[in-house]
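Peer 1: Each chain, written out:
There are 2 protein chains.
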Amino acid sequence: MVTMRDVAQRANVSIATVSFVINGTKPVAPETRARIEAAIEELDYRRNVVARALASSRTRILALLHPDFEARPNATVIQFVMSAAHGARERGYDLVLWPVNDDEQMSHLLAGGLVDGALLMEVQIHDSRVDRLIASRVPFALIGRTGNDDLPFVDIDFATTIDQAVDHLRSYGHQRIALITQRTKAAPEKEPGRIMRAEAAYLDAMAALGRPPVVISVEGTSAGGREAARTLHDDHPDTTAVILVNEGASAGLVKGTRALGRGVPDDLSIISAWTTRELGEMMEPSLTVMAAPAAELGRLAADALIDQLEGVQDAPPHILIPCTLVPGQSVGPAPVRP
Amino acid sequence: MVTMRDVAQRANVSIATVSFVINGTKPVAPETRARIEAAIEELDYRRNVVARALASSRTRILALLHPDFEARPNATVIQFVMSAAHGARERGYDLVLWPVNDDEQMSHLLAGGLVDGALLMEVQIHDSRVDRLIASRVPFALIGRTGNDDLPFVDIDFATTIDQAVDHLRSYGHQRIALITQRTKAAPEKEPGRIMRAEAAYLDAMAALGRPPVVISVEGTSAGGREAARTLHDDHPDTTAVILVNEGASAGLVKGTRALGRGVPDDLSIISAWTTRELGEMMEPSLTVMAAPAAELGRLAADALIDQLEGVQDAPPHILIPCTLVPGQSVGPAPVRP
DNA sequence: CTGAAAGCGCTTACAG
DNA sequence: CTGAAAGCGCTTACAG
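Protein chains in written order, with full-length UniProt numbering: chain A, 1 to 338; chain B, 1 to 338.
Simulated from the structure, these hints should not be mistaken for laboratory data. Just so it is clear, the structure is predicted and the values come from calculations on it, not from any experiment. Glycine included, each C-beta is placed from N, C-alpha and C at the ideal position. The reader is advised that the hints may include incorrect statements.
[Claimed, not checked] Across the chosen pairs, the derived CB separations fall in these ranges:
#1 203(A) / 15(B): 56 to 62 Å
#2 184(A) / 335(B): 40 to 46 Å
#3 91(B) / 314(A): 57 to 63 Å
#4 103(A) / 91(B): 19 to 25 Å
#5 327(A) / 147(B): 41 to 47 Å
#6 312(A) / 15(B): 35 to 41 Å
#7 203(A) / 91(B): 46 to 52 Å
#8 184(A) / 148(B): 44 to 50 Å
#9 315(B) / 324(A): 49 to 55 Å
#10 41(B) / 14(A): 57 to 63 Å
#11 183(A) / 91(B): 34 to 40 Å
[Stated by the list, open to error] Over 10 Å on every C-beta distance to chain B, these chain A residues come out as not near it, computed from the model:
#12 27
#13 108
#14 130
[Said to hold, decoys possible] Sample of chain B residues lacking proximity to chain A, with all beta carbon distances greater than 10 Å (derived):
#15 167
#16 168
#17 251
#18 311
The whole structure should be built from the sequences, with the hints applied where relevant.
Peer 2: Below, the structure written as structure tokens:
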């Protein structure tokens, strides 16, 4: 293994000077620099990341903590992960993916000193992992929000997203718009904040329109989608459009609606929010989606965290981005009812 | 920060002894051990991973190298990643996800000394990254295979998988079975080995049956699927069943087939291989799939690599697992043609 | 602009 | 069974 010592020897300087040119931390005379660079080149030297981390007490490794991609891993999540990884690397950091289940495990990992900062996904309203993060003194940024808006976060702008979806449906004449969310097995305060926030935005929008809200909560599966279709049919027959915040249920909703003799979009228009456009295209009919800005959020999250680490930033970042409407074939004119 | 020195002081021993009990590397008297464990507990001490790595020249970090989850990240890939991460952690290693694009970048990362071993995904027939890996002297295992079967790998058993798919279709009376693969923009030798291997297995199976093979190669998109449907219709009208090794084209194939006035499975039966069952369920009709053993492969890959690192193993592991048939509604009896 | 030296927090022969 | 000490390969005040 080629070390800094080898380079120093060959270039006839001290290892300190080698360090200075590699890191650009101090001015070095041009000739000296040239000699060192030549030696590095000739020996194919690469700085040992671990030694550097120990000496500088900075590892330049960022952890992406995800509570396990349990069930069906959402394509949006992957997009997010990849763009965060790229964003980090452009700034000289590496992104480590850590599937963490329990808090104790997480504390251990953070205390190990291996990471300079952490990105936390699938944040819950009351999230004990956030408490652990704070206790560990490892800088972090959240993807999503807890109830405490003082922490640094990037998140989807649910209010704007829902408003746009509602506007889109209204432009097609829809008056009765239901919301279908995802039911989790977890306690309410353990739920991902996105569900609660989407619902709140929906309720606001309905209130502003003076319409009674209809919220249906089902599992994120095909069976859940079918259940939602049946509930709509039986309990809310005058509903002509739905906004779905439950990607996993989208296929089941379409199938279930048809099985009940209703057409999409002839009898029921559907917008699926927090979805990828790719998924929308796979369906029959293709789904109108509010595409999640996963790539943007990933990059912004990485940037926000690194800014924090490098002291570039002033206040804890609070970034909100709405989803983008991608028209498909699942939204049509509201049916005229007698 | 609590260090080993603090623990040693409090327990009235040398730091060496503390190290012995933490790592279990040498016998320590019960009373001494108890004192040290108490000190660790009281101080809430956690060993610094970076220092340990530098001193022992082992980081216990494994890298998962993926050529970027470019296009649509396949759910199978995610399953694979997660199970590899879990498998690694059960054996005391952490899995780092590294999206690597170019070889130079990869060499740098490997040379940095941050990882003990690497797992390489999306392996190509002739893969320059493998050459880099070998040159870097970092132990590795491949997910998939190059042309050189001497390297350690875990992979799908394509021969068995295709045979099972063919048998399944034949049990429904199908005689004319086509294969639809994925066309990449890359040069042939840059293609993922799985495409070539699936095709070879298919050709063998057709030869054994004395049937002329039909291989159609299209993009992994909805448009690609439609193109395949049209090609089948125009050029191979007597085909009654297809095996798809192109997940991204599955939805387009179904849609395109219908658009041409043919029913699935009434006129055309479809099996989608190297797919998740979840995707199959989302489609209409639900797809019969050969589900990729992603979780098993992930775990096996991690184990194989760690065995190698720890010298547990004898020969380079060569592990093959077939996909599992998951019946859906896209396979039916072969239509009777006049 | 350059160097000698301490130190980052561990592991690991080597003695005893 | 336990300890003193060297060393892992860097970074970083401190001098000069």
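Peer 1: Now, for every hint given, state plainly whether the structure supports it.
Peer 2: Verification of the supplied hints:
no.	hint	result
1	203(A) / 15(B): 56 to 62 Å	holds, 60 Å
2	184(A) / 335(B): 40 to 46 Å	holds, 45 Å
3	91(B) / 314(A): 57 to 63 Å	violated, 44 Å
4	103(A) / 91(B): 19 to 25 Å	holds, 22 Å
5	327(A) / 147(B): 41 to 47 Å	holds, 46 Å
6	312(A) / 15(B): 35 to 41 Å	holds, 38 Å
7	203(A) / 91(B): 46 to 52 Å	holds, 48 Å
8	184(A) / 148(B): 44 to 50 Å	holds, 47 Å
9	315(B) / 324(A): 49 to 55 Å	holds, 52 Å
10	41(B) / 14(A): 57 to 63 Å	violated, 44 Å
11	183(A) / 91(B): 34 to 40 Å	holds, 36 Å
12	27	holds, 26 Å
13	108	violated, 6 Å
14	130	holds, 19 Å
15	167	holds, 28 Å
16	168	holds, 23 Å
17	251	violated, 4 Å
18	311	holds, 20 Å
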